[in-house]
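Once you have looked at the hints, place chains B and C on chain A.
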Amino acid sequence: MRWLLQIDRRYIYIVVAVAIISAHLLRDKVHFPIYASKPVRGVHDAIEKLGRGDVVLASLDFDPASAPELDPMARAVLRHCFSKGLRVIGMTHWPSGIGLAEQIITETVREFDDVVVAYRIFERRKEARAEIERLRSLEGVTLGAEVARWPAATVNAGRARIDGGAKPELTWSLGLREAVATIGTGAPKLAKLGKRRWAVLVQIARKPTLTYGEDYCFLGQRAGAGILIITMGQSLYAAFPVDNAGNSTRAMPMLQDVRSLSDIDYLICLASGNTGETWVAYGSERYHFPMGIGCTAVIAPDLYPFYQAGQITGIIGGIKGAWEYEALIGIPGSATEAVPAQTAAHLLVIVLVLLCNVGYFLAGRGRAVAS
Amino acid sequence: MLLKRTIPVAIAFVVGLWFAIQYYVPTSFSERSLTWASNWAKILLGFAYILGLYSLVHVHWQKIRRGQPGYGYSLLVYVGLVGTLVLGLSGEVQTLVDIATGKAHHFADFQAYSTHDKPIPNFSSGFDWVYNYVFYPASATMFSILAFFIASAAYRTFRARTIEAAFLLIAAIIVMFGRVPIAAAVHRAIPDVADWIMANPNMAVKRAILIGISLGTIATSLRIIFGIERAYLGGD
Amino acid sequence: MDRARATCWRVVAGALALWCGAVAAAQDAAVPSTPTAEPARAAVPVPERVWIEDTPNDDGRKLTVRWLGADGEDADGVEVYVELATKPDGPWLPAAGPLPARGAWFRDLRSEYGPFTPSGTEAGHAVVVEPLSLDPIAPHRLLELAMMPPGDPRRVLGEREVEAILGKGALAKVREIIAAHGVKERAGIAGHVEGRILEEVSYFVLERPWYARLVLRAPGRARRIVAAEAPLAPQQNLFNLRKLNNFVFMVLLSAVVLIMIRRARRNPDLYLRRIPGLDAVDEALGRATEMGKPVLFVHGLNPMDSPSTIAAVNILGEVAKKVARYDSQLLVTCADPIVLAVSQETVKEAYTHAGRPDAYRADDVFLAASEQFAYVAAVDGIMMRKKPAANFYVGYFYAESLLLAETGAASGAIQIAATDSFTQLPFFVTTCDYTLMGEELYAASAYLSRDPLLLGSLKGQDWGKAVIIVVLLLGTILASFDIGWFDALVQTY
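Chains as they are written, first to last, in the numbering used here: chain A, 1 to 371; chain B, 372 to 607; chain C, 608 to 1100.
If we strip away everything but chain A, and leave its shape as in the complex, we get (with noise of 0.2 Å):
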């Protein structure tokens, strides 16, 4: 039994690498039960709280490296916040992570656009894909031309609303959800909306919702951690004269009346560090407002002091936490899909020490530890 102990670390990588794979190509079949914790649940209860412009303050710090398990939550968050028509603005410490940052806020913002989406029903598949391979051979005069007959609706994937005619046969779904937040011009595309049918859409018209300066904008980054969220204190203007595209900060509409951190009514940090603490230390403990962090899992362990002197109203730890938060807002996103692989990694983890400890008392404890 000595083998099991002497197991060279490059099989384990295989292993690991096989089971993370599988996992993830079986994401779609696996279903678990929706969970949420306490922490989670700290998050989620005290933004559904906030009324209608509330603003929210986002600090994404978090680079690329720590995105798998950061994005999902920001982009759960973000929904949240703009659903429910809170003011968000957006900022990050990390030089690193102004692009990953701009993305998350633009791409969720452009979910809540309205678009006008020429649509057809089917009830096969096969038939709904050869019809998009045929679009897709037209020229876009002709394209207009030939949508131009089909019945039309004004659909917004951000909040799961459909106007257009008086009874339109689009019906809500994650599917077209989906689809249309992700439709370009010019490009057909497939949504499915229950068992058995399946729309063809083709973006007519788009028009944003949100708009920048008013109900969202994004500062961008300044250093200094600590010091900066200090300035803020005192002066969100002159932390941030501007903003990440060179906008005044003064100017903004949105920021009127949010000269500092003592007029926001939400913080939410989702850190890969330690930016979470900093935010307890030099912001909501100097200028009072309520928070939560979202981290990656590692890091969680950390916030447990600040959550149970009741600093901070939450955390949302890791993948899990990301998944428990689009199941409590009911949209499925990047971390629904990412949890069977994690879950697959750590039942292995847990395998491969049991499999270790086997090894170890079937091997003798005394000639295991001379080995």
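One thing to keep in mind: the hints can contain errors.
[As the list claims (entries may be wrong)] Think about it this way: if two alpha-carbon atoms lie no more than 25 Å apart in a straight line, the pair counts; the simulated DMTMM-like pairs of lysine to aspartate or glutamate are:
1) A:Lys207 to A:Glu102
2) B:Lys375 to C:Asp965
3) B:Lys375 to C:Glu952
4) C:Lys955 to C:Asp934
These aren't lab readings, by the way, just hints derived from the structure by calculation.
Here is chains B and C on its own, set in the frame of chain A:
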């Protein structure tokens, strides 16, 4: 000696003492001194980056010059450095040209977004391409290696050698299992037990470590303020 | 025809609105020191007394408006608005409200006053207001105002010259415009110097008296206006009493550490428990020398202002001295340029101290990368190519800890980690030969150098820990018996 020891120690003493007291003084002068010091720190950091860049460039240049094994990687450092710099600057230059020729709005113009026509940023500039398709996947790859390393490290070291280790092992398995959604399906109590372990025994130990760390930090700060610890000035 | 009628209606409605506005303004302008009321309708109750207090523990931005009474049964549904002005006759700027008149409440008071909330507050009402936060800020509005002739009656309600401290500390004469504007008729103060908007409105000289008044309103009842007794200028406070307990503890602990350092000077033979990780430093360096391979010292990611990085540099100094004596090669990787500069200087001094200045090479202490995972890639690459005989991981680490230490373990090096990053401790414990946990990181330089002064501070630390243990035990016992005063003593604000 005066420049290398006495003056730095004096600065450390005065500034250290002031900022220890500053925390308790709420006047606007006190707040401003903090802002002032942080601005100085930022300026110093800016200059230090030049030193850092010099170190990076010099070390790798030496490797290339001497043809040391693995000097190809050093060449890659130069390619990455110069390439990203050129792409970043060219994007800025293009924007300035567009503004000058009236092709683009100046973003600093308030009207640009008050008229609701702020274009959605497209991630198509060269710099963005490097960020999205080189930096992003490379960083994510490094991070994801953790999954493999954790499995291998756990396999090699997590053995119930003693009673204490056995307790740790059981706790670890409960927490690991409680952290996946399937646990709630097996039994509703498992995630709660995992949370309890994290919030109580785990927290108690962490707080103890944290108190020790805080005391160590205070003692180190005092040693520096009073000039007893001078290793940061380069030895004693 | 319809259009003409609509226009006519609009004119009539406009005239009506103007007339109503004029009446309200006339009412507001006459601020009596005694309550005013309209006899025709049941009036809302008035407070017995309204006065202003300086808010303690602040930088002179806040005032506390307090009042007694107006909270009986007849105050049901009454809303209180607090308004401020720089002149006794206005213009009045809305500062707080609507607040319910009934019930005793101390909005923001506890967080401002801390444990020293004035006695008698429980019986009355208090609200903290921030006069300077009333400025409207929006520059396009200010510009618009600045363009108008100084006495324009439509927008500008008043102006004066005040002295202001600008952002850089210079004194300047500032024309202050008090203006009402915007659809909600919000009023505010705008600072304006030589046609340029002030960047830091908050740096106004604050010691200027403010007048306050309460407006009590209820639907269907006549409103009442009560002016506060006397104007008051907010004061800057020299000490934040909310942090008093923190301050006492800091002074006590510092005193203990300094006393112990003093005692150590007289009696240098202090007992120090063994730290196996530090005893192994010599073993690791010896092994590196025997094998003819370098020693790798890996800094954490935190910058120089982090205590763990300072501790790491202290340890680096000691390790470098030993390496110089052993005549081995020391490689130091940094992620922060300031840490790099300090480390280079430290290693250079250490080599000089050990009598081997010639052995120091600046290129051996280098910036590997400033991004987290680029740093990992660079350091891991060095480990796999150069195969150092000993790896030191010292400082504050994040997710990179296991990536570094596992690669180091695979390369066969003897590994010593020292970190106060407790989330990463498990990873170092499983992959390194020795791990210095938490405070051991801070004790390491004292342990390695055996400098009595440094050892004395360790002793002080232990005394501090003893005090904390006593406080914890006492707090637990008192809390178990539901005795609350102790809780108030250690409360933080």
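Check your understanding: Quick check: which numbered hints come out false for this structure?
Key -> none
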